[in-house]
Amino acid sequence: MRETIAAISSAMSEAGIGIIRISGPEAMQVICKIFRPGKKEKDILSVPSHTIHYGYIFDGEKTIDEVLVMIMKGPHTYTGEDTVEIDCHGGILSMKKVLETVLKNGASIAEPGEFTKRAFLNGRLDLSQAEAVMDVIRSRNEYALQSSLEQLKGSLSEKIAEIRKDLLYQIAYIESALDDPEHISLDGYTETICNVVDTQRQKLAWLLDHFSDGKLIREGIRTVILGKPNAGKSSLLNTMLGEERAIVTNIAGTTRDTLEEFMNIKGITLHLIDTAGIRNTEDTIEKIGVERSRDMADKADLILYVVDSSTPMDENDEEILPILQGRKVIVLYNKTDLSPQISVEEVSQAVQPHPVIPVSMVENKGLDELEDTIEKMFFSGSLSFNDEVYVTNSRHKEALTEAQDALQLVTQGAELGMPEDCLAIDLRNACEALGRITGESVSEDIVNEIFSKFCIGK
Amino acid sequence: MTEKKITENYDIVVVGAGHAGCEAALAGARLGLQVILFTVSAESIALMPCNPNIGGTSKGHLVRELDALGGEMGKNIDKTFLQSRMLNKSKGPAVHSLRAQADKQAYTNAMRRTLEENENITIRQGEVASLIVENGQIRGVTTYSGAVYHSKAVILCTGTYLKARCIYGDVSYPTGPNGLQAANYLTDSLLSLGIRMLRFKTGTPARVAGNTLDYSKMEEQKGDVPVVPFSFSTDPKDVQIPQRSCYLTYTTEKTHEIIRANLVRSPLFSGTIEGTGPRYCPSIEDKVVRFAEKNRHQVFVEPEGNYTNEMYLSGMSSSLPEDVQFEMYHSVPGLEHAKIVKNAYAIEYDCIDARQLYPTLEFRKIQGLFSAGQFNGSSGYEEAAAQGLIAGINASMKILGKEPLVLDRSEAYIGVLIDDLVTKENREPYRMMTSRAEYRLLLRQDNADLRLREKGYRVGLVDEETYQKVCRKEELIRQETERLEHTYIGNTEEVQKFLIEKESTPLKSGITLSELVKRPELTYSSLAVLDKERPVLSDDVCEQVEINVKYEGYITRQKKQVEQFKKLEIKKIPADINYDDVGSLRLEARQKLKEYQPVSIGQASRISGVSPADISVLLVYMEQYGRRHRDE
Numbered sequence: 018m019r020e021t022i023a024a025i026s027s028a029m030s031e032a033g034i035g036i037i038r039i040s041g042p043e044a045m046q047v048i049c050k051i052f053r054p055g056k057k058e059k060d061i062l063s064v065p066s067h068t069i070h071y072g073y074i075f076d077g078e079k080t081i082d083e084v085l086v087m088i089m090k091g092p093h094t095y096t097g098e099d100t101v102e103i104d105c106h107g108g109i110l111s112m113k114k115v116l117e118t119v120l121k122n123g124a125s126i127a128e129p130g131e132f133t134k135r136a137f138l139n140g141r142l143d144l145s146q147a148e149a150v151m152d153v154i155r156s157r158n159e160y161a162l163q164s165s166l167e168q169l170k171g172s173l174s175e176k177i178a179e180i181r182k183d184l185l186y187q188i189a190y191i192e193s194a195l196d197d198p199e200h201i202s203l204d205g206y207t208e209t210i211c212n213v214v215d216t217q218r219q220k221l222a223w224l225l226d227h228f229s230d231g232k233l234i235r236e237g238i239r240t241v242i243l244g245k246p247n248a249g250k251s252s253l254l255n256t257m258l259g260e261e262r263a264i265v266t267n268i269a270g271t272t273r274d275t276l277e278e279f280m281n282i283k284g285i286t287l288h289l290i291d292t293a294g295i296r297n298t299e300d301t302i303e304k305i306g307v308e309r310s311r312d313m314a315d316k317a318d319l320i321l322y323v324v325d326s327s328t329p330m331d332e333n334d335e336e337i338l339p340i341l342q343g344r345k346v347i348v349l350y351n352k353t354d355l356s357p358q359i360s361v362e363e364v365s366q367a368v369q370p371h372p373v374i375p376v377s378m379v380e381n382k383g384l385d386e387l388e389d390t391i392e393k394m395f396f397s398g399s400l401s402f403n404d405e406v407y408v409t410n411s412r413h414k415e416a417l418t419e420a421q422d423a424l425q426l427v428t429q430g431a432e433l434g435m436p437e438d439c440l441a442i443d444l445r446n447a448c449e450a451l452g453r454i455t456g457e458s459v460s461e462d463i464v465n466e467i468f469s470k471f472c473i474g475k
Numbered sequence: 009m010t011e012k013k014i015t016e017n018y019d020i021v022v023v024g025a026g027h028a029g030c031e032a033a034l035a036g037a038r039l040g041l042q043v044i045l046f047t048v049s050a051e052s053i054a055l056m057p058c059n060p061n062i063g064g065t066s067k068g069h070l071v072r073e074l075d076a077l078g079g080e081m082g083k084n085i086d087k088t089f090l091q092s093r094m095l096n097k098s099k100g101p102a103v104h105s106l107r108a109q110a111d112k113q114a115y116t117n118a119m120r121r122t123l124e125e126n127e128n129i130t131i132r133q134g135e136v137a138s139l140i141v142e143n144g145q146i147r148g149v150t151t152y153s154g155a156v157y158h159s160k161a162v163i164l165c166t167g168t169y170l171k172a173r174c175i176y177g178d179v180s181y182p183t184g185p186n187g188l189q190a191a192n193y194l195t196d197s198l199l200s201l202g203i204r205m206l207r208f209k210t211g212t213p214a215r216v217a218g219n220t221l222d223y224s225k226m227e228e229q230k231g232d233v234p235v236v237p238f239s240f241s242t243d244p245k246d247v248q249i250p251q252r253s254c255y256l257t258y259t260t261e262k263t264h265e266i267i268r269a270n271l272v273r274s275p276l277f278s279g280t281i282e283g284t285g286p287r288y289c290p291s292i293e294d295k296v297v298r299f300a301e302k303n304r305h306q307v308f309v310e311p312e313g314n315y316t317n318e319m320y321l322s323g324m325s326s327s328l329p330e331d332v333q334f335e336m337y338h339s340v341p342g343l344e345h346a347k348i349v350k351n352a353y354a355i356e357y358d359c360i361d362a363r364q365l366y367p368t369l370e371f372r373k374i375q376g377l378f379s380a381g382q383f384n385g386s387s388g389y390e391e392a393a394a395q396g397l398i399a400g401i402n403a404s405m406k407i408l409g410k411e412p413l414v415l416d417r418s419e420a421y422i423g424v425l426i427d428d429l430v431t432k433e434n435r436e437p438y439r440m441m442t443s444r445a446e447y448r449l450l451l452r453q454d455n456a457d458l459r460l461r462e463k464g465y466r467v468g469l470v471d472e473e474t475y476q477k478v479c480r481k482e483e484l485i486r487q488e489t490e491r492l493e494h495t496y497i498g499n500t501e502e503v504q505k506f507l508i509e510k511e512s513t514p515l516k517s518g519i520t521l522s523e524l525v526k527r528p529e530l531t532y533s534s535l536a537v538l539d540k541e542r543p544v545l546s547d548d549v550c551e552q553v554e555i556n557v558k559y560e561g562y563i564t565r566q567k568k569q570v571e572q573f574k575k576l577e578i579k580k581i582p583a584d585i586n587y588d589d590v591g592s593l594r595l596e597a598r599q600k601l602k603e604y605q606p607v608s609i610g611q612a613s614r615i616s617g618v619s620p621a622d623i624s625v626l627l628v629y630m631e632q633y634g635r636r637h638r639d640e
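As given, the protein sequences belong to chains A and B, one line each in that order. Numbering-wise, the first sequence is residues 18 to 475 according to my numbering. Numbering-wise, the second sequence is residues 9 to 640 according to my numbering.
By construction, these hints were calculated from the structure, which means they are not laboratory data. Since this is a predicted model, take the numbers as computed values, not measurements. Mixed in with the good hints there might be a few duds.
To be verified - What follows is a set of in silico ranges between Cβ atoms, one per label pair, in the way DEER data are often shown:
(1) A/Q219 x B/R273: 49 to 55 angstroms
(2) A/G456 x B/E142: 45 to 51 angstroms
(3) B/V544 x A/S469: 49 to 55 angstroms
(4) A/K90 x B/I519: 40 to 46 angstroms
(5) B/Q476 x A/Q219: 52 to 58 angstroms
(6) B/Y193 x A/P42: 56 to 62 angstroms
(7) A/R53 x B/G518: 33 to 39 angstroms
(8) B/Y496 x A/P42: 32 to 38 angstroms
(9) A/G456 x B/Q569: 17 to 23 angstroms
(10) B/I508 x A/L85: 58 to 64 angstroms
(11) B/Q476 x A/R53: 55 to 61 angstroms
To be verified - To spell it out: a stretch of chain A is covered by chain B in this simulated footprint if at least three of its residues, at any positions, have a beta carbon under 8 angstroms from a beta carbon of chain B; those stretches are:
(12) 117-130
(13) 143-154
(14) 194-207
(15) 457-471
All C-beta atoms in this analysis are idealised placements derived from N, C-alpha and C, irrespective of residue type, glycine included.
Chain A extracted, bound-state conformation:
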């Protein structure tokens, strides 16, 4: 609970400078390990509180970034604890690298709302703010949980579940033998454990290697494509990706579920989500699709609203307009290749204050302008992605690393000739770490696995 925590505390955007905040009893030790001051003789541990220092962040011998470091000793800090703020170059990549270095050197990633929680628990916020603090914790955790689950969909969660399952089986086997040595023997079992552990460690290493390349985690600007049926949403996705990903037909309602893809525009990762067209419908399956579309739009960082210029705005567009309120939106005036039934000005009027870009997927027109607009929004800071997504990803990564370390200890223990009951302890720690990602606790799982797989007891 009184661990030292760290997080990116500026917006996750390309704008300005990035701030990484470290708080907790080890904050000074952490910065000491990774910071080399511009003036070599300076000792960061003995500088006065509330002072700023110029220098570099190092990961071992590798320079990570040129930074300013603000040293603030407790209790006169936001959290009331020793706090260090690192001002690094703006840009998601550099912020992430600095944070990763901090995490590698003794800090843990902050839980959602944790800085605020500590500020309150340490008496830095007054009583009247307690309710607000609790709300922050709840809402941020809810968001994090939601995004965590969404990121976990598909391959990552399946792979983790598989690893966990294999480890759990080994634990259950060992524990069964320990609980009922007269029924189950462990003779020579260390070798089996070592083999399983080696395989699982390789799998974890693969996961960690592939963690940041966007294939496993859904990190990026959540960009949701909205529009009434047959407005050309799927065509937009395909044109942007340059491939036939979505099934495009002229039958309204073809896309019943959502499609997700990742793409890169000028160094910015977009997490593109194509949705079912929004319209009043009685078709049950399509209805679910429409509900999902609304849901997705609610969680979007950016909405691309596709308007079909070849048909008048109708009641389906009326359904969409309220969703756009207060959101970051780019409106695409689509099908300029056909004869318009509604003018750009009329659309602009209807969607104010959002920008409108005329495009044609058939003629491949207007996409450059779209990309420029997205880039501008991002670098001006008006568009950023929600940092909870990043936070949960860091937490997942931390958990994977912890599981890997625990498995390393199993191998070491086996080499030292430690008995199986000791090896089981580290196997269990590995399982517990993985369970933090999948939201499962270990203890009951072990007991259930023992009883379901092994015949023990008299």
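Dock chain B against chain A, hints included.
Chain B in isolation, oriented as in the chain A frame:
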């Protein structure tokens, strides 16, 4: 005419004289309180109605811990065992477990004698029918015959007797175990007090006449030599006795065929049995169904005592009809001509949902009412005894106005047992298992005295001399462990020769003795030849030193985990907390917290459905609450 009834006053009423009740009564009496101990039959005190052993994996730990705290079970089995073995000896010290075969009658007699010799205990045969409660405070009990016993505390240890029913096939007797009278009235009294009841089931195998078995078809299993006593107070010299053997045989395909052919006649399948049985003690029919791929199951044939030739058929409990049992047992090699003395049966009984208890084992709703043992939804003699001791201590502490004794998960298996019972939803009789103890490297059976003697001493169950002895032991261990860390061994010819002999890598430079002890091929005792200044130390001290050094890595890491664990454990939740005031809790968490009323943040965090975010919210709320109360 006025009705005349017996009315007596005691400090503590203990209901039930099984393993829980005996420990509870002795704890109260030894702490100077007047105790009356009720039993449906004075001949069935500390009865072992099922398996004839004490200890076993993780249960052995419970007995050791109970002994260190000042309980009786360890001493009693040391006086009455027939055979003793240390299980898991080839594995790490954390899972070594002592198990003894008991002479059941001798065990009962010895415990009865100990109770009778304590002048603060009154043994009373009779059935307690209802509780006297006034304004949420227990005042005593009344018996079926109408007698009234006033008391300051009541400890319920009714075991498997409440509305008990014994079943095999379509035969169902309304009796407790072993044909003893059931207790049929107390459940209604408990229900009327608003206590939630559950119905659990357990079972026991048949007993056969030992002189009708063919042991030549079985594998003999002898006891360990030398015998390690259970109790830290027993002189090892006193337990080196001639031991009885157990025998191992196996079920056959034929056994399984008989069972499969008659499954439809099992009361489990017909729905006669409603209670939930333990997964740990599956009946033989259960095993045959669930593990169909196994073509045989072990059957341990164990003596019930020296007073009888009855043998217990461990591994073959059943509730199949009598005729099927007859056929089934006779299909096992060695049992072809066995005379069955007692049928196998399943037993159903009422117990409580133990989440209604504080970790002190006192009812949340009723002050002064405690409970222990199978009544709390556990299974096993040792689990019962451990709870009985804690309930006895805490009932006494309450009467004496002292701090209760609550062991946490990092201090003892007893702590794990009770925390699980009062925190988790329990759907079957709860059995202790080593996998349930997160910090088991620290909770070894060999160091139970070092862990718990002091607590027993503070409570008043361990005397000054015993306590001082353990303090001295602790100091010697510390000194010797430290000496090993600071004693360097050079790479002399003698050392290298010794290492080569032991197939250990020769030294490049000097190394500490602890580093050498850590090598898998070396031990503390084998290194004595190189260790010129080694003091003369007792075996138990040497054992601790060796474990401390060899497993240092694991021990250190587990100690760190314990530190984290304790931080949440010491944050107590105020009893008058209103979870409806904590606006930001998720609905599920709020309901669970209201239902369980955890005593600490640590306990709250172990309730399923309470997330880490809810714990954070709770911490903030408690800080707010605390500040408000400080301000007032």
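- Of the numbered hints stated previously, which ones are contradicted by the structure, given in increasing order? Result: no hint breaks.
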